[in-house]
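Q: Below, each chain spelled out in residue letters.
Protein chains: 4
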Amino acid sequence: MSISSKSAERAIDAARQTSVRIGVPMNIAILDGSGHLKAFLRMDGAMLGSVDIALKKAKTAFLLGMNTEAVFEFCKPGAPAFGLEHTNGGLVVFAGGIPLKADTGETIGAVGVSGGTVSEDFGVAQAAAAALTN
Amino acid sequence: MSISSKSAERAIDAARQTSVRIGVPMNIAILDGSGHLKAFLRMDGAMLGSVDIALKKAKTAFLLGMNTEAVFEFCKPGAPAFGLEHTNGGLVVFAGGIPLKADTGETIGAVGVSGGTVSEDFGVAQAAAAALTN
Amino acid sequence: MSISSKSAERAIDAARQTSVRIGVPMNIAILDGSGHLKAFLRMDGAMLGSVDIALKKAKTAFLLGMNTEAVFEFCKPGAPAFGLEHTNGGLVVFAGGIPLKADTGETIGAVGVSGGTVSEDFGVAQAAAAALTN
Amino acid sequence: MSISSKSAERAIDAARQTSVRIGVPMNIAILDGSGHLKAFLRMDGAMLGSVDIALKKAKTAFLLGMNTEAVFEFCKPGAPAFGLEHTNGGLVVFAGGIPLKADTGETIGAVGVSGGTVSEDFGVAQAAAAALTN
Chain L
1 MSISSKSAER AIDAARQTSV RIGVPMNIAI LDGSGHLKAF LRMDGAMLGS VDIALKKAKT
61 AFLLGMNTEA VFEFCKPGAP AFGLEHTNGG LVVFAGGIPL KADTGETIGA VGVSGGTVSE
121 DFGVAQAAAA ALTN
Chain D
1 MSISSKSAER AIDAARQTSV RIGVPMNIAI LDGSGHLKAF LRMDGAMLGS VDIALKKAKT
61 AFLLGMNTEA VFEFCKPGAP AFGLEHTNGG LVVFAGGIPL KADTGETIGA VGVSGGTVSE
121 DFGVAQAAAA ALTN
Chain S
1 MSISSKSAER AIDAARQTSV RIGVPMNIAI LDGSGHLKAF LRMDGAMLGS VDIALKKAKT
61 AFLLGMNTEA VFEFCKPGAP AFGLEHTNGG LVVFAGGIPL KADTGETIGA VGVSGGTVSE
121 DFGVAQAAAA ALTN
Chain C
1 MSISSKSAER AIDAARQTSV RIGVPMNIAI LDGSGHLKAF LRMDGAMLGS VDIALKKAKT
61 AFLLGMNTEA VFEFCKPGAP AFGLEHTNGG LVVFAGGIPL KADTGETIGA VGVSGGTVSE
121 DFGVAQAAAA ALTN
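Residue numbers (the numbering used here), protein chains in the order written: chain L, 1 to 134; chain D, 1 to 134; chain S, 1 to 134; chain C, 1 to 134.
If you are wondering where the hints come from, they were derived from the structure by calculation, not from laboratory data. Wrong hints could be hidden among the right ones.
With a straight-line Cα cutoff of 20 Å, these simulated SDA-like cross-link-like pairs (lysine to any residue) come out [what the hints assert, rightly or not]: (1) K76/D <-> G90/D; (2) K6/L <-> K6/D; (3) K6/L <-> Q17/D; (4) K6/D <-> R16/L; (5) K101/D <-> R10/D.
Ranges of calculated distance between the beta carbons of each label pair, as one might list FRET restraints [claimed, not checked]: (6) N88/C <-> P80/L: 20 to 26 Å; (7) A81/D <-> R21/S: 45 to 51 Å; (8) A130/L <-> G45/D: 22 to 28 Å; (9) G78/S <-> G83/D: 15 to 21 Å; (10) P80/L <-> E73/S: 45 to 51 Å; (11) A79/S <-> K101/L: 38 to 44 Å; (12) D52/L <-> G83/C: 20 to 26 Å; (13) E73/C <-> A79/S: 50 to 56 Å.
To give an idea of the interface, some chain D residues facing chain L are shown, with a C-beta separation under 7 Å as derived from the structure [as the list claims (entries may be wrong)]: (14) H36; (15) L37; (16) A39; (17) R42; (18) D44.
All values derive from a computational prediction rather than experimental measurement. We put the CB at the ideal spot given by N, CA and C, even for glycine.
Excised from the complex, chain L in its bound form (with noise of 0.2 Å):
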């Protein structure tokens, strides 16, 4: 099971709208069930630098399957494990990045949105991965 491109793009354009509402440019980011990147968009105005860090979020959460604050959790200063942000090419674990389970539990793709400060990036990954999972 995985996002279909047709899905994918609705959890774009719901991302989007959520974005223009707020009036912060976003670059947000889909991938499929392997873990693969299955749609972008930046948007217009969007910080290049957030490019790498909506798919480094999309790919935080669906390898780890959690949202990407919380593994924030387990590397925060004085947490067990020391530096597992360095790991798999580089994590990212501030919020923005949501996977998308299927009813088994099983990570099926992920969102990762990132443009604004970390509260805008956590609602517009919520509107994209509500699109996906409605």
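Dock chains D, S and C against the given chain L, drawing on the hints supplied.
A: Quick look at chains D, S and C alone, frame taken from chain L:
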């Protein structure tokens, strides 16, 4: 001057229509005037290994300002620029990457397509490029 | 749909039995439906340099959805996709990598074997693939 | 002196049994006396992001000849070897990697386990190491 997200999506749509018409699902990458990823789509059933190839074709066309198959002339067996394809983190020197140029000759973006034969990739990349320059 | 660890180990056992029968110790890699490593075995005496080759054969077969020796046809001297083998972090384009496909045609894993001659590797990879698809 | 494939598989079985008992699917990597991969298993449901972590834990334990959590003491905040974890292509410095040593003190292999909490990983790695040294 650069590629707007609206234009990038129009280019992806044009590429997709050509892909559907020839019956070959493609990976389609659009770079903007800074050479960064603007939009991407992997059509359902497109080869996973072509994600990297589409991205590198677009990068090659952008960085060298010419079609990817034209770059081959410089590094093919017997040509002077031996190993050129190993620079810049890896170039792809067969057809499917096309730079987008302003009237001034300045490169303002690039298209990269991969998923079929070299000539199929080229035809789909041309459709995307035409949608961006018309 | 993907490869279970039970299936992966059955495939490794089948590959090992063939290797023992022909007297050539092998490296055997099994990828699952996400293209990630599921199981691996280096038989005693198998070449160290073949660890990387077995892993890359499996990756190549997974990403391109075809036997590794079939990929060679696209990038061999004089063929159109010059340098294809340098994409995706390095592909291996001689026999020994076989994709595993569902009835739908979807790639659900891959096998990579290295340690002997190309035809020995191919025979052992076939044994592993047969154990996974039967 | 090195780890035979028979020993490596016995170690993986021991690790698996412990993993099943605690209900946490794990990635288990065994390196031999040259530091190359000897055997690997990703149990069903084990995190994909832990493939890389298990491999790097084993590498870290092998290269430094000590448990991964002991390496942390050298590079933790305030300790002298700042950035040690970024050498050797990336080390992992939390528990789950254990070197295997001959009576002479020579490192003859290593175990790396990842998939659960740091203490769960450590317990499973100990089970694998015990199976290899007994």
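Q: Among the hints numbered above, which are violated by the structure, and what are their numbers in rising order?
A: Nothing - there is no hint that the structure violates, so all of them hold.
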